[in-house]
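Protein sequence lines, in the order shown, are assigned to chains B and A. Take the working numbering: the final residue in the first sequence is number 507, and no numbers are missing along the way. Take the working numbering: the final residue in the second sequence is number 507, and no numbers are missing along the way.
Just so you know, these hints were derived from the structure itself, not from any lab. Do not rely on the hints blindly, as some may be mistaken.
Which copy is meant is left open, because identical chains are indistinguishable; a pair holds if it fits in one copy or across any two.
[As the list claims (entries may be wrong)] With a straight-line Cα cutoff of 20 angstroms, these simulated SDA-like cross-link-like pairs (lysine to any residue) come out:
no. : residue 1 : residue 2
1   : K105      : D13
2   : K105      : L136
3   : K105      : L17
4   : K93       : L136
5   : K480      : A166
Listed below, chain by chain, are the residues.
2 protein chains.
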Amino acid sequence: MTNHLAYDRLVDRFRLVATIGECASMLGWDAAAIMPPGGGQARGDQLAVLALLGHRNLIAPETEADLAAAEASGAWESANLGLMRHAYKRAKALPADLVEARAKANSNCEKIWRVARGEADFALVKPHLAEVLHLTRLSATALSEALGISPYDALMDGYQHGIGAGDVAPVFAAYEDFLAIALSEAERLQARHRDPVRPAGPFPIAAQETLCRDLAQRLGLDFNHARLDRSAHPFSGGTPTDVRITTRYAEDDVTSAILAVVHETGHALYERGLPPAYARQPVGEAAGMAMHESQSLIVEMQAVRSDAFLGWLGGRLHATFGGEPAPYGAENLGRLWRRVRRSTIRVDADELTYPAHVILRFRLERAMIAGDLTVADLPGAWNDGLHALLGITPPDDAQGCLQDIHWYDGAFGYFPSYTLGAMAAAQLMQAARATIPTMDEAFGRGDVSPLLVWLRTHVHGIGSRLGFNTIMEQATGRKLDPLAFQNHLRLRYLTPASAFGIDRGQ
Amino acid sequence: MTNHLAYDRLVDRFRLVATIGECASMLGWDAAAIMPPGGGQARGDQLAVLALLGHRNLIAPETEADLAAAEASGAWESANLGLMRHAYKRAKALPADLVEARAKANSNCEKIWRVARGEADFALVKPHLAEVLHLTRLSATALSEALGISPYDALMDGYQHGIGAGDVAPVFAAYEDFLAIALSEAERLQARHRDPVRPAGPFPIAAQETLCRDLAQRLGLDFNHARLDRSAHPFSGGTPTDVRITTRYAEDDVTSAILAVVHETGHALYERGLPPAYARQPVGEAAGMAMHESQSLIVEMQAVRSDAFLGWLGGRLHATFGGEPAPYGAENLGRLWRRVRRSTIRVDADELTYPAHVILRFRLERAMIAGDLTVADLPGAWNDGLHALLGITPPDDAQGCLQDIHWYDGAFGYFPSYTLGAMAAAQLMQAARATIPTMDEAFGRGDVSPLLVWLRTHVHGIGSRLGFNTIMEQATGRKLDPLAFQNHLRLRYLTPASAFGIDRGQ
Numbered sequence: 002m003t004n005h006l007a008y009d010r011l012v013d014r015f016r017l018v019a020t021i022g023e024c025a026s027m028l029g030w031d032a033a034a035i036m037p038p039g040g041g042q043a044r045g046d047q048l049a050v051l052a053l054l055g056h057r058n059l060i061a062p063e064t065e066a067d068l069a070a071a072e073a074s075g076a077w078e079s080a081n082l083g084l085m086r087h088a089y090k091r092a093k094a095l096p097a098d099l100v101e102a103r104a105k106a107n108s109n110c111e112k113i114w115r116v117a118r119g120e121a122d123f124a125l126v127k128p129h130l131a132e133v134l135h136l137t138r139l140s141a142t143a144l145s146e147a148l149g150i151s152p153y154d155a156l157m158d159g160y161q162h163g164i165g166a167g168d169v170a171p172v173f174a175a176y177e178d179f180l181a182i183a184l185s186e187a188e189r190l191q192a193r194h195r196d197p198v199r200p201a202g203p204f205p206i207a208a209q210e211t212l213c214r215d216l217a218q219r220l221g222l223d224f225n226h227a228r229l230d231r232s233a234h235p236f237s238g239g240t241p242t243d244v245r246i247t248t249r250y251a252e253d254d255v256t257s258a259i260l261a262v263v264h265e266t267g268h269a270l271y272e273r274g275l276p277p278a279y280a281r282q283p284v285g286e287a288a289g290m291a292m293h294e295s296q297s298l299i300v301e302m303q304a305v306r307s308d309a310f311l312g313w314l315g316g317r318l319h320a321t322f323g324g325e326p327a328p329y330g331a332e333n334l335g336r337l338w339r340r341v342r343r344s345t346i347r348v349d350a351d352e353l354t355y356p357a358h359v360i361l362r363f364r365l366e367r368a369m370i371a372g373d374l375t376v377a378d379l380p381g382a383w384n385d386g387l388h389a390l391l392g393i394t395p396p397d398d399a400q401g402c403l404q405d406i407h408w409y410d411g412a413f414g415y416f417p418s419y420t421l422g423a424m425a426a427a428q429l430m431q432a433a434r435a436t437i438p439t440m441d442e443a444f445g446r447g448d449v450s451p452l453l454v455w456l457r458t459h460v461h462g463i464g465s466r467l468g469f470n471t472i473m474e475q476a477t478g479r480k481l482d483p484l485a486f487q488n489h490l491r492l493r494y495l496t497p498a499s500a501f502g503i504d505r506g507q
Numbered sequence: 002m003t004n005h006l007a008y009d010r011l012v013d014r015f016r017l018v019a020t021i022g023e024c025a026s027m028l029g030w031d032a033a034a035i036m037p038p039g040g041g042q043a044r045g046d047q048l049a050v051l052a053l054l055g056h057r058n059l060i061a062p063e064t065e066a067d068l069a070a071a072e073a074s075g076a077w078e079s080a081n082l083g084l085m086r087h088a089y090k091r092a093k094a095l096p097a098d099l100v101e102a103r104a105k106a107n108s109n110c111e112k113i114w115r116v117a118r119g120e121a122d123f124a125l126v127k128p129h130l131a132e133v134l135h136l137t138r139l140s141a142t143a144l145s146e147a148l149g150i151s152p153y154d155a156l157m158d159g160y161q162h163g164i165g166a167g168d169v170a171p172v173f174a175a176y177e178d179f180l181a182i183a184l185s186e187a188e189r190l191q192a193r194h195r196d197p198v199r200p201a202g203p204f205p206i207a208a209q210e211t212l213c214r215d216l217a218q219r220l221g222l223d224f225n226h227a228r229l230d231r232s233a234h235p236f237s238g239g240t241p242t243d244v245r246i247t248t249r250y251a252e253d254d255v256t257s258a259i260l261a262v263v264h265e266t267g268h269a270l271y272e273r274g275l276p277p278a279y280a281r282q283p284v285g286e287a288a289g290m291a292m293h294e295s296q297s298l299i300v301e302m303q304a305v306r307s308d309a310f311l312g313w314l315g316g317r318l319h320a321t322f323g324g325e326p327a328p329y330g331a332e333n334l335g336r337l338w339r340r341v342r343r344s345t346i347r348v349d350a351d352e353l354t355y356p357a358h359v360i361l362r363f364r365l366e367r368a369m370i371a372g373d374l375t376v377a378d379l380p381g382a383w384n385d386g387l388h389a390l391l392g393i394t395p396p397d398d399a400q401g402c403l404q405d406i407h408w409y410d411g412a413f414g415y416f417p418s419y420t421l422g423a424m425a426a427a428q429l430m431q432a433a434r435a436t437i438p439t440m441d442e443a444f445g446r447g448d449v450s451p452l453l454v455w456l457r458t459h460v461h462g463i464g465s466r467l468g469f470n471t472i473m474e475q476a477t478g479r480k481l482d483p484l485a486f487q488n489h490l491r492l493r494y495l496t497p498a499s500a501f502g503i504d505r506g507q
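Just chain B, with the same shape it has in the complex (with noise of 0.2 angstroms):
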């Protein structure tokens, strides 16, 4: 009994379970941005529960039944019913205990992690790591049984629907062979030129407030819409119609403030722009977490610090802040925002290193999956491969592989998404010029509106109708190519005429 009444049920059930996950995002922006810390037990139990509910009303008995039935018609419900099984296939793959296991064993580690980093003792939360990896195998166990996919890949599928190490991997080896040459030649023709000029504070902050709102707003975010407030680690949270991001402040320094604030603009301007239509469906979903990166550095990247923007941002900074006008020179402001500098940190590191630091990840955590690597064996396996990429070693475990919450709380399979995000973006603005010549000319007048309306089109608009892949070729003509993304670093990073502050931001 084959019939679009179970669809229509369907799509009521779904409607309700993301909507039971508007409330867990919403007190997880709260958690996170501004609740008092008294409060934080309760919200863990808030939380816990409404991913019980949200869990509970997936794998109900009459989810499979109608699953089973759903007829579909037309491209977005064909594409909606096939996300529904997906994700009722991942839901229904774990077993009520290991969900539960995992997500205590995980917050526990999380909490010691916080110490262990601290201290930079990686003693302290080895065996932590332990039960949290051995879990998240049985995990991936499961869902690769479920899937028929591999359990790594059955990792990053819940990250970025369709993407796999096998997608993954040659793209990273042949960025690899690429940095090998191009990062020391980039630091020769940088060190040809005097270093840039920090521009002087003190910048009050209540000023920088002003500017990052009015930036936001500026790059298409409607305020009636969306909040801007401040968190320890700045982040894009909330619903599509409440969106929420943040940022922080200091006294001393405004790039921070204004560099977060772009980026979570780029996310937020993403949930914004997905199909209202089919709002709390899987198919009115964004694209995954490597799409979503793409598009925060759209805007951060590729729009904010493009020659011409830069040259309107600095005139703005300036305005704002007073004293010399040179260090808000578009040139001087290229050079200290774009400046190449290895580091052992990857939230520090440039555009051009970070790929590096990714792909470290990415072979750790793969081999961990597979059992190849142990969490006894991981400082020595990262410092090793971090000198092989980038030929410096974290003086401890704290700037090593202590450094980042993924793993400790987790997170498996997500760190490609950055560096996927960061290709992507790379190749959809190149797209995106050749079909808008005069995007520059509206860069240089703090303009980004044709970018905009031309990524609503292109990726926003479509939600989840298409995948990753997909959307790249439909976007650009081609599927992901990391060679957009290495055009891009060539133009901005080893070109001798335009490195550091003229490139043509291609």
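Since chain B is already given, all that's left is putting chain A on it; use the hints.
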């Protein structure tokens, strides 16, 4: 098969339902305090889903079976089980389609009420209020049958369990008699004195905010478990370990922000003082809305507005804002913040005339629920009733029967809580003063902790183990006795020597 396992299962179930309620409470706070307006529609859906899930889990068939079988041991468990049975009865009495229809009608009517009040046009909202009343009466009848009490009492019971019109009517009648003499006498005495002087602003909002935060902290609020924000209408919300209060600030007035903060702090302290061992159980909740109001009013009206505390607070205000010291003297502040003035607006009313507003609404809503007053006759009945009580008539319906959100959002049976709370506050304060002779000395140092300790023992820590009347009896030696409130008013407003600034704070 009577057993304790059934009780334990019920504890788990009610914990789940309460945790869902916590999610709704936090999201309700967010919506009222900080949500961007464009998030409203999605938030409505989220709250509706949480209400549905809470209700579904409460009325599950297992609940009924366990309630029939459960055995409790000890006073706390027995009270808890009794409250569980009561909550189940209430939830089960209402058919799901009626609950849904009411929610829609209330929400719709509230929206139109905002327009109608803005335009002082009762006709606009009349049919919508009639629909709300119709559905409320259907609910009241269903609840009445399930609980074996009158329809109006069944509505009151939802706000203040165990208190009905039979308790309230004689108390209100006595107050009406008292007021008939007291009001003009208070006005006569007040007229003998010169008018109080209003402190001259401006009062910078940042300084007000710091002062309000310090004041809340001094009253006992721990900001490790609380937030203070801004909203158009001050309120308190959140959960016992994460209470959230709001106030509003105006540059030219310091009274409004401060008095709202001390009121909401009273509510927040009650939540903070509930018994943690019974968190998320019916017995661990506050003992109804009248008791809640008593806790905000004992702080605002009894403690902070006492001569002793005003003496301290005036000094603090002058130290903060500077200017002439005279307006900040206890006597002037007392006359300013305890001024009797017949107002058509409830929220602007003083302590003495406020109950008249409540008595009017109690009488009218009881008649509407009984079917003795139609919506069409409401404006006239309102104006006549107010004139009989206070001798004044609203110039239009915006300042008459359109002034309060209650009724238009479906809240019938709530109004009596305000005045029951005021009376309970006076009676509790009288008892606390009798056991703590140094209370006013402490108030004179801005120290409310002796009162807070007493309230924690006699009210907060009891949760709902005892009902309103029993809490009053055990704390004060007698049931709610309106004379304590009248004595308080006599000393503050009707004693020539002590009125307006020199009362002995009884």
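Structure-based check of each hint:
no., hint, verdict
1, K105 with D13, "between (31 angstroms within a copy, 19 angstroms between copies)"
2, K105 with L136, "within (11 angstroms within a copy, 45 angstroms between copies)"
3, K105 with L17, "between (25 angstroms within a copy, 18 angstroms between copies)"
4, K93 with L136, "within (17 angstroms within a copy, 42 angstroms between copies)"
5, K480 with A166, "within (16 angstroms within a copy, 73 angstroms between copies)"
The structure shown violates none of the earlier numbered hints.
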